[in-house]
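Construct all of the structure, not just a fragment, from the sequences and the given hints.
Protein chains: 4
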Amino acid sequence: MDYVYGPGRSHLFVPGPSNIPEQVIRAMNRNNENHRTPAIPALTKALLDDVKKIFKTTSGIPFLIPSTGTGAWESALTNTLSPGDQIVSFLMGQFSLLWIEQQKKLNFKVDVVESEWGQDADLDALESKLASDKSHTIKAICIVHNETATGVTNDLPKLRKILDYYKHPALVIVDAVSSIGALDFRMDEWGIDVAVTSSQKALSLPTGMGIVCASPKAIEASKHATSLRSYFDWNGYLKCYNLGTYWPYTPSIQLLYGLRATLDLIFEEGLENVISRHKRLAKATRLAVEAWGLKNCCQNKESYSDSVTAVVVPTNIDSGEIVNRAWKKYNLSLGVGLNKVAGKVFRIGHLGNINELQLLGCLAGVEMVLRDVGYPIKFGSGVAAASAYLHNTIPLIPSRI
Amino acid sequence: MDYVYGPGRSHLFVPGPSNIPEQVIRAMNRNNENHRTPAIPALTKALLDDVKKIFKTTSGIPFLIPSTGTGAWESALTNTLSPGDQIVSFLMGQFSLLWIEQQKKLNFKVDVVESEWGQDADLDALESKLASDKSHTIKAICIVHNETATGVTNDLPKLRKILDYYKHPALVIVDAVSSIGALDFRMDEWGIDVAVTSSQKALSLPTGMGIVCASPKAIEASKHATSLRSYFDWNGYLKCYNLGTYWPYTPSIQLLYGLRATLDLIFEEGLENVISRHKRLAKATRLAVEAWGLKNCCQNKESYSDSVTAVVVPTNIDSGEIVNRAWKKYNLSLGVGLNKVAGKVFRIGHLGNINELQLLGCLAGVEMVLRDVGYPIKFGSGVAAASAYLHNTIPLIPSRI
Amino acid sequence: MDYVYGPGRSHLFVPGPSNIPEQVIRAMNRNNENHRTPAIPALTKALLDDVKKIFKTTSGIPFLIPSTGTGAWESALTNTLSPGDQIVSFLMGQFSLLWIEQQKKLNFKVDVVESEWGQDADLDALESKLASDKSHTIKAICIVHNETATGVTNDLPKLRKILDYYKHPALVIVDAVSSIGALDFRMDEWGIDVAVTSSQKALSLPTGMGIVCASPKAIEASKHATSLRSYFDWNGYLKCYNLGTYWPYTPSIQLLYGLRATLDLIFEEGLENVISRHKRLAKATRLAVEAWGLKNCCQNKESYSDSVTAVVVPTNIDSGEIVNRAWKKYNLSLGVGLNKVAGKVFRIGHLGNINELQLLGCLAGVEMVLRDVGYPIKFGSGVAAASAYLHNTIPLIPSRI
Amino acid sequence: MDYVYGPGRSHLFVPGPSNIPEQVIRAMNRNNENHRTPAIPALTKALLDDVKKIFKTTSGIPFLIPSTGTGAWESALTNTLSPGDQIVSFLMGQFSLLWIEQQKKLNFKVDVVESEWGQDADLDALESKLASDKSHTIKAICIVHNETATGVTNDLPKLRKILDYYKHPALVIVDAVSSIGALDFRMDEWGIDVAVTSSQKALSLPTGMGIVCASPKAIEASKHATSLRSYFDWNGYLKCYNLGTYWPYTPSIQLLYGLRATLDLIFEEGLENVISRHKRLAKATRLAVEAWGLKNCCQNKESYSDSVTAVVVPTNIDSGEIVNRAWKKYNLSLGVGLNKVAGKVFRIGHLGNINELQLLGCLAGVEMVLRDVGYPIKFGSGVAAASAYLHNTIPLIPSRI
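Chains as they are written, first to last, in this note's numbering: chain P, 1 to 401; chain B, 1 to 401; chain R, 1 to 401; chain C, 1 to 401.
The list treats identical chains as one, so a pair stands whether inside a single copy or across any two.
Computed list of lysine-lysine pairs in DSBU-like fashion (alpha-carbon distance at most 35 Å, straight line):
no.	residue 1	residue 2
1	Lys167	Lys279
2	Lys279	Lys53
3	Lys340	Lys45
4	Lys239	Lys217
5	Lys378	Lys340
6	Lys328	Lys53
7	Lys53	Lys105
8	Lys158	Lys283
9	Lys328	Lys239
10	Lys340	Lys239
11	Lys328	Lys301
12	Lys158	Lys344
13	Lys109	Lys217
14	Lys109	Lys167
15	Lys239	Lys295
16	Lys340	Lys105
17	Lys56	Lys328
Simulated from the structure, these hints should not be mistaken for lab results.
Okay, structure coming up:
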């Protein structure tokens, strides 16, 4: 039996899983199919071609892996690195932390560059490391594009520049889980070697598909990487790509059709328009936070995330209580503060297939819940700030003009 | 192929069709079934029993008619009245007008009691008519419980009192289309003889099921009513009720399962809680309208509708432009002004399976569109007024406490 | 809660409601929409154009009526005829009988031409009536194209020839409920004035949409017909067609999208291929029946229905028991014998979106249930006869060649 | 856009992915939810309890892993074994082969006991190995319960007896992918240490959930196993089980609700009845194969699989052509012959939520396709043999008695 939710729609504003559009829910509403007919390889081939567009790569090779983002991380690492390889990895929040734990567990030598939570990756520290690494012992740089726990977006073009300056051949492996499909991400232009995303974030799908895209350099590295890998081995995929069967094991038929539908929606809206919409919703959220007199967990303006905003609450308030109450009273799901920022921040996810009035409903809900927990908010203040901005920037819906 | 809508959810705030909850969409997601197996009669029997609860009747007999509300109107009239019968009918907006046109078309003598649009039914005029109708030539009183075009709810208990005072035997036939499931409606207590509702309103279903409920007195009248009727004839149903087959023709299997699901949700929330929620959302809407400095089309405070609010716009603004722009820019569907109030009012439907944050998103959208059309609204003003009220009155979601 | 069915798919082989293809179920899996936006009229306009193709008419005007076939019948009659009008109507089974009852109820003078159940309409009797009707008192001929109760298809081209021969101006009103989309039906070529079908038959949709198509002559007649009508009045539709709003009352959004999807499937397969498929499945069914040593209820080979086969059972067997047992043991829904043929025939519906292996599964099920009720059937005999024929006639699926 | 399939239902008879019942498709037809609310852990907890029932274990601990069966294999191995550990593994078909390849890739020393494809696992060979392994260097026995490529079911109770006889402590790790939910599987009684299944097989779900169940002994082993593992590490799950959050990363909300629905259906039918149904369908299939004069790839009667039958074709026929043609002409998906038996066998999957008439439709289709490829089959022969058996053994559907 179904769990009973409150009346009306759930307001899902965690930074993933995100809201699935009706068109995608519809596309997935189907029986299984035999994956060994010609239909599924044909579908897959077109998907692989189209997935490259959202990574902005022409030379990369994508893998659609039946797993979560955590599995996709593992695929990125084990296919390109060997046990004992030295990597530089930036710690700046819960998800970079979890990834670093995985890196250690997989027996890489991880040189952790830590920032305060709320700061972006310390690229200066990287610079000095590269400067002194004449022998190129550093095999890879691992970085999250967008730290979902703190709402901080790292500067990947700058990272590229540093590497280029030092002519350092380290692979650049990027967690773009809460980034691709929401933020501007340019795999080829920025020289990313492996980028990883996941279906339930900006792609607005159910969980279950990790997407890894590998540059030719990463593919080359995979031929020599000695990390043990089986399920996540790219080689199994590459063999099937060559055979035209495309799948080393049974894919989820439903997720393939869902991916088709969500890519169709993205291309129909226009990828650049999708990115603009994320910028617009994020800016509106930040204006509301400012109007409420609260602070963004992200400390550098240039690093504000356009997919999630982590809001710092006054010290006398437990952010967990905000999240809890939002769900219990307003049918609103907000992101909790994780680990170091537990109790200190709550997060508003504004990624995926959502629009302005959904966000304003969420912001109005946050206002009420803030009042509930004793914060002296002025009702309507955040909504007003967001509306004033949105009102001027929302374009007409093209199909309705 | 699907029409392309803007990104994110559509914000559907017309006073019907209303938003279908996910649980109900799910329940209807099915193949056809043979309606002549024992399963469908068993399902129907339980539905008929449960439908009576939302009409608050124990003695009434419901008919689930594959039609819209217009067809249900016709069923109510032709089964109880004979051509040439005199009826008193109240004109106070577009839907009462359309019903009166139908009444005339069906050859009843209609004594139209007209009110200004925005006023409620003129029950004083009725009183004088009844006082002078010693011979009981008036066979029926036809009244809308809630005039959807103007957002006015009529006082049915008062109507009953007047009839009782004059001991007048006229049938009371009520259009409760935008009422039942949203407003408090008491068929037995108020002595309603025929009440009519429709699936796509407060029941949050697709269009396609007109629900008519007949009192024993109405059933008795149907035995003598000579209006021609075939499709809408209650007799066909009653025969099948007796046979236990329940259906004189093939019902929509999907709508039956949908009705089951929506009733389950209503009973789970509690019918009185559903009514309270409608009151709460309506009050919040009115507070926003007031904060915006705009007027309710409904002129008597006691008659404010809890399922729809018609908002009067300043004379220099075309309300049609508001509705148009809301759809084109904000993916927000508002109700247009109809007929006499075309261009003068727009309507916010707040009935069916919706919640507070959905409404606040809508109100924020209305604020932006009002600004778009040149009304000097203060952003956040309506949302603030609504939030201040809602914040104090929203109960915790029982299943989450 | 869901009724519990046996494991696996239900085998739905009643002659309506028919099986809904997954693509159509998907298309209908959606929230409500505001029917007053430009999107719904645009959708409707395209549907009306495309519906004409399956009626094979260019000059006819279709009406998509929220009702069952019974309502569509009423619409056909009341819009074209006046009380007291004389009509000739053919009785040859349960559905023609029910229609005649409606005709009488609606106060037309019905000259019933009765055939034995299993025979087709007695067109010779019509001929003599027309020959003697010099004054053209006969206003309409009402005939079912396909009598669903007996599996008999009437010869409409012959009917047209007779009328033409006598230059008789009577309207030809056809129940094509279990015909259009399954059988070859040519509204313009055969001079049909009103044709009626219903969503849950060959169109493979849920119940809830009656489709009526009127010739220019029928439209002209509607201007003078004095039958009372409101809900079913074509005039309401025609006004909205002119206005471009298309709907006099709220349509089912879901059924509109469902109709779009089902028409797309029909056009993709090709209407003539759809008709051929029905012929093929029907022929296979009849070969099985013959192999079983049983008789077709339809007595003239030329009149065998391609949408349903009524099978006569030996006198010592109750066909109701067959239907009952098929459902209880094999999850197979067959059509019961109705009225005069109750207990004597069971019916295999083979219309709508089904294919050969589905039918063979059904035939295998019928064999088992026949054995269950004591008929000495040879297992596999009917399936073999059907397979031998199908094997030679099934085309490759075009998209897979 | 959807791929165009032929008209009617697809007939899916590969041994996975299997047919998803409508109830399960419905349950999965939903938006995402926040997995960090109390609702998802509560749902998960109940699922874990219920999953144990289909493994027939009370002491085992299940893990629901977002992956395919291949990932579940890896989870079973890496959590319990250390690099260099010696294992005995049985090769008897394509899936055992693929698993062995994985075992080697993961650096275990694999002692492969090979059987001819079509034979069951050579347990005699095991016996001699155990007899001589006094020092218990063999750490695990890896065996498929049901080899999907050849339709052979291994004798796990016998395996247990051998181990017990020699008091050998090796872990027993079982691929029960095409077994659990179809065949009788008794984890506790048979002393299985790790059993692995997958959502898209007998559980009739989409692909995407690998289910691993670990005995207390296996859990103990996992504390000392040194194989590198991150994504598949049980420890991550166990920590979350203790915390009551249940998920180390985001699960697929849709698959969780789907699993709930499919388990509900299994328990409602009764697990033993589900197993009996699989036996019945398998026996019917084998009777058909025999009637066709063809051979089962499985060479020992006692080892016939009840979830899939591999049919050997005459040497002059290419089984690939059968599969190809079945799909192109009859919309029927059969399993191809894999690797050593490519071209030599085709496979009929009869597992999951299907019923007798579906199978008979499939068998009738196979007859036609056999004739298409030149095999002199007698139409109806297989269907007759199957029907004669099924007719006597199909029980009434309990809810319909």
